[in-house]
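So the sequence shown is numbered by our numbering: it starts at 1 and just counts up by one.
It should be emphasised that the hints constitute simulated quantities derived from the structure, not laboratory data.
Quick caveat: nothing in here was measured; it's all calculated off a predicted structure.
Backbone N, C-alpha and C define an ideal beta-carbon position, used for all residues, glycine too.
Certain hints may be false.
[Claimed, not checked] Each computed DSS-like pair below joins lysine-lysine, with the alpha-carbon atoms no more than 27 Å apart:
id : residue 1 : residue 2
1  : Lys137    : Lys109
2  : Lys11     : Lys220
3  : Lys220    : Lys268
4  : Lys134    : Lys110
[As the list claims (entries may be wrong)] Quick list of simulated restraints, FRET-style, between CB atoms:
id : residue 1 : residue 2 : range
5  : Phe244    : Tyr125    : 42 to 48 Å
6  : Arg307    : Asp120    : 55 to 61 Å
7  : Ser127    : Arg253    : 53 to 59 Å
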Amino acid sequence: MAQTQTAPLLKVSGLKQYFHINKNFTVKAVDDVSFEIYPGETYGLVGESGSGKSTIGRSVIRLYDPTGGSILFDGQDISGRLSRSQSQHLRTQMQMIFQDPMASLNPRKKVGDIIAEGLDIHHMYSSRAERQEKVEKILAKVGLAPEHAERYPHQFSGGQRQRVGIARALIMDPKLIIADECISALDVSIQAQVVNLMKDIQAETGTAYLFIAHDLSMVKYISDRIGVLHLGHLLETGTTDEIFANPVHPYTRSLLSAIPMPNPVVEKRRVAEAYDYASSGIDYNKGTSHLVSGTHYVKCTDEEFARWTR
1 MAQTQTAPLL KVSGLKQYFH INKNFTVKAV DDVSFEIYPG ETYGLVGESG
51 SGKSTIGRSV IRLYDPTGGS ILFDGQDISG RLSRSQSQHL RTQMQMIFQD
101 PMASLNPRKK VGDIIAEGLD IHHMYSSRAE RQEKVEKILA KVGLAPEHAE
151 RYPHQFSGGQ RQRVGIARAL IMDPKLIIAD ECISALDVSI QAQVVNLMKD
201 IQAETGTAYL FIAHDLSMVK YISDRIGVLH LGHLLETGTT DEIFANPVHP
251 YTRSLLSAIP MPNPVVEKRR VAEAYDYASS GIDYNKGTSH LVSGTHYVKC
301 TDEEFARWTR
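Start from the sequences and build out the full structure, keeping to the hints where you can.
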């Protein structure tokens with residue numbers, strides 16, 4: 001869909017994010033990860049807890065300073081020290097929706113002030129009336145009423161609070177939104193409402209999403225392309241159809257085999273594939289990117305690629 005665009009909106013190349021615990025130990029949370037996101041598309045990043053998904057999102061939006069690699073966003077290199085104009089561009093054109101809809105909202109501020117905080121910081125209105133109009137318009141877009149602007153976060157349900165988080169991101173009219181596990185804390189029925197809301201907003205505004213999650217069914221529903229992450233390494237990437245129809249890496253096959261089936265007859269016969277990195281004989285550091293087909297790539301050695309695709 002979005003790959004008809006010639007230039008990617010976001011291009012991450014060889015991203016590394018290391019955390020030094022002490023002089024003898026360093027956590028390599030993200031190690032040599034590369035991917036692209038095109039305007040108007042949704043790129044799903046999946047993997048188990050601790051695989052580095054959220055760290056990638058926080059590095060891309062520069063909540064963390066990357067240890068290595070490059071990040072190109074909207075034609076600008078944002079991986080090093082940011083100039084004033086680069087920082088302004090990044091803070092207005094890239095936004096984040098956080099995992100916990102309560103912890104990410106200031107409990108002492110009214111919802112209207114929380115949503116308009118970005119407008120206040122970057123002086124993106126000419127009068128108080130214009131500010132109020134923008135807040136009311138974005139509240140309506142996410143399914144909330146104008147009077148909700150005068151309430152505090154604790155007066156909302158979890159799903160409503162996440163809508164406030166989405167409104168806070170959308171009011172800046174960004175080109176890219178990083179959704180960091182933004183539905184995992186919600187009930188299943190509310191998850192569907194929030195994801196459908198995000199899809200509707202994307203169709204209306206053309207915003208691109210980096211959708212970080214571990215719910216494969218939801219990722220399949222919302223994503224155009226998917227990247228599979230494990231232990232800080234991007235093992236496989238491709239379109240949603242390519243990944244689900246023809247998973248190549250054993251870890252990807254293991255993840256997909258664990259998805260429960262709604263049909264009890266099929267579910268009874270489902271056998272989940274086991275995968276243990278320590279005993280698999282696979283070394284992620286030795287793998288290189290191999291083209292499977294189309295836009296489908298898998299990270300492995302030549303011998304592993306020949307064995308898995310024969």
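Among all the numbered hints in the text so far, which are the ones the structure does not match? Violated hints: none at all, because every hint is consistent with the structure.
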